[in-house]
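Each chain sits in its own coordinate frame; assemble them with the hints.
The primary structure of each chain is shown beneath.
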Amino acid sequence: MTDTVLDILSWVLLTLGGISVLIGGIGALRLPDLYTRMHAASVTDSIGAILVIGGIMLQAGLSLATIKLAAILLFLLLTSPTASNALAAAARLAGNKPGIDTTTDKDGAS
Amino acid sequence: MKQPVDKPTAPGGAGHFSAYLLFIALLIAAWVLWSGMFKPLLLGLGVFSCAVAALIAIRMGYFDTSVFALRFNLRVIAFWGWLLKEIVKSSLEVARIVLSRDLRLSTKVIEIDASQLSPVDQVLLGNSITLTPGTLTLDASDGRLLVHALTAEGAAALEEGEMLRRVAAIHED
Chain A
1 MTDTVLDILS WVLLTLGGIS VLIGGIGALR LPDLYTRMHA ASVTDSIGAI LVIGGIMLQA
61 GLSLATIKLA AILLFLLLTS PTASNALAAA ARLAGNKPGI DTTTDKDGAS
Chain B
1001 MKQPVDKPTA PGGAGHFSAY LLFIALLIAA WVLWSGMFKP LLLGLGVFSC AVAALIAIRM
1061 GYFDTSVFAL RFNLRVIAFW GWLLKEIVKS SLEVARIVLS RDLRLSTKVI EIDASQLSPV
1121 DQVLLGNSIT LTPGTLTLDA SDGRLLVHAL TAEGAAALEE GEMLRRVAAI HED
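As they're listed, the protein sequences go chains A and B.
So the first sequence is numbered by my numbering: it starts at 1 and just counts up by one.
So the second sequence is numbered by my numbering: it starts at 1001 and just counts up by one.
Treat the hints with caution; some may be incorrect.
Derived lysine-lysine pairs resembling BS3-like cross-links, with alpha carbons at most 30 Å apart [claimed, not checked]: (1) Lys1108(B) / Lys97(A); (2) Lys97(A) / Lys1039(B); (3) Lys1108(B) / Lys1085(B); (4) Lys68(A) / Lys1039(B); (5) Lys1089(B) / Lys1108(B).
Heads up, incomplete: computed chain A residues facing chain B, CB under 8 Å, no partners named [as the list claims (entries may be wrong)]: (6) Arg30; (7) Tyr35; (8) Thr36; (9) Met38; (10) Ala86; (11) Ala88; (12) Asn96; (13) Pro98.
Rather than coming from a laboratory, the hints here were simulated on the basis of the structure.
These numbers were taken from a predicted model, which means no experiment stands behind them.
Every residue gets a Cβ at the ideal spot worked out from N, C-alpha and C, and that includes glycine.
Pulled out of the complex, with its shape left as it was, chain B reads as follows (with noise of 0.2 Å):
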């Protein structure tokens, strides 16, 4: 397994300026697209609403990695059917325990190990694992996921790992 590869460029000097204007040129694309509207208020709105966004980003430390850390590929979406489909059985079984009349929890809270994968993809699977109910990611700090479990069975399935095979799965070369 490769090392996750982020080329820190120097930190908060002129190389990140053509990196800013390229990514306010393309909010402000963004924005003029879906809105489709041009007068004067809305493009002052959207200009001020990207600038916003550019600050934040800025702040967050966007530039000071890789730019463009996303990177789309086919199989994210064999993931995505995939992760439809464990909403869709983790959705029943949380409206089971919400509408059973003794509200019988097992409450658990456990640790990934997360750490084979990229900064990016830790986001993918924590965020995937927030997004199937009954499980919810608590903290990721140092490759390692801090995951609060609604049942005892859905700990278990993520301590088996499925979710982290198919995440570490989809950026393997």
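Next up, chain A with everything else stripped away, as it sits in the complex (with noise of 0.2 Å):
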């Protein structure tokens, strides 16, 4: 009984962080310039990872892997926005002015 719950409440776990992911991916199209595209990659980046990662541990149930799926959820969530920063600070530094016209991408960032 308590499997079945725990199975379908994963599953809804892991179906809502895949349609996250492929919300950031469709954003990471659409959107038109590079900061705007890092928004939307932040949806897969964060609802999407803890959401997978937290479908996954409840399939693990309390074992050691779900102990390393905790841990990787933390380092993720420590560190994709380091990464995400050292990406805006670089595309700053390139000379890419954020949120000046949002219509155009002739900068061709992606």
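Take a look at the structure:
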């Protein structure tokens, strides 16, 4: 009984996580410039990672694997914003001005 | 508000040696715990990657200030809970924009004064801002964070300062 409930819950989380990753991907293609695309990509980074790893943790049950998954999630949530900051800082240094014109894609930022 | 305490020890001297050793020992212990395998190749790779990590940490000046700057506090857990709620809310908002037909954006760049926070807490705030979809920390210098927001509402919510207050509350004595 509890197994079925956990299974269903886990699949709900995995499906929602998959949808978030998909939305992040669609956003990275549709949005106009580097900075707005990074906003879309951060949907994948944050809520996508939380939901998918949460779903796998429910599948793994109470085991060492779950502890390792929790550590992976923690490190992902600590490092992915750091990487985003480095990317944004590099783009600014390279002269990519944010938020002036969000209708064109002439700088080919992606 | 008391000033953040950073005790700069003698830069780059022998005083750091025990800190280096402790740091490398911690890294190796973590590697062995996670891998759980004791083949010579894997142990060698582990020692190698720990040494590289230590070298990078030295280059980044990790040992020039306090070594274990990340103080853990139970109030961090409560902050994570609040942050999770914010991540869910702003993810739904960004998803709505991404899937909307006309992609109506109102991007905005704002500056947030976080000079009241310690350097570690400024990093926590900057990373939390980046972690919530729709807001992105572009730059941090002199206690000021430059933030890019996807919507004017997101920028306004950040300027209102709830996240800043919650970060400041974590290490309030």
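- Item | Hints the structure fails to honour | Numbers 2, 10, 12 - these are the hints that the structure violates, sorted from lowest upward.
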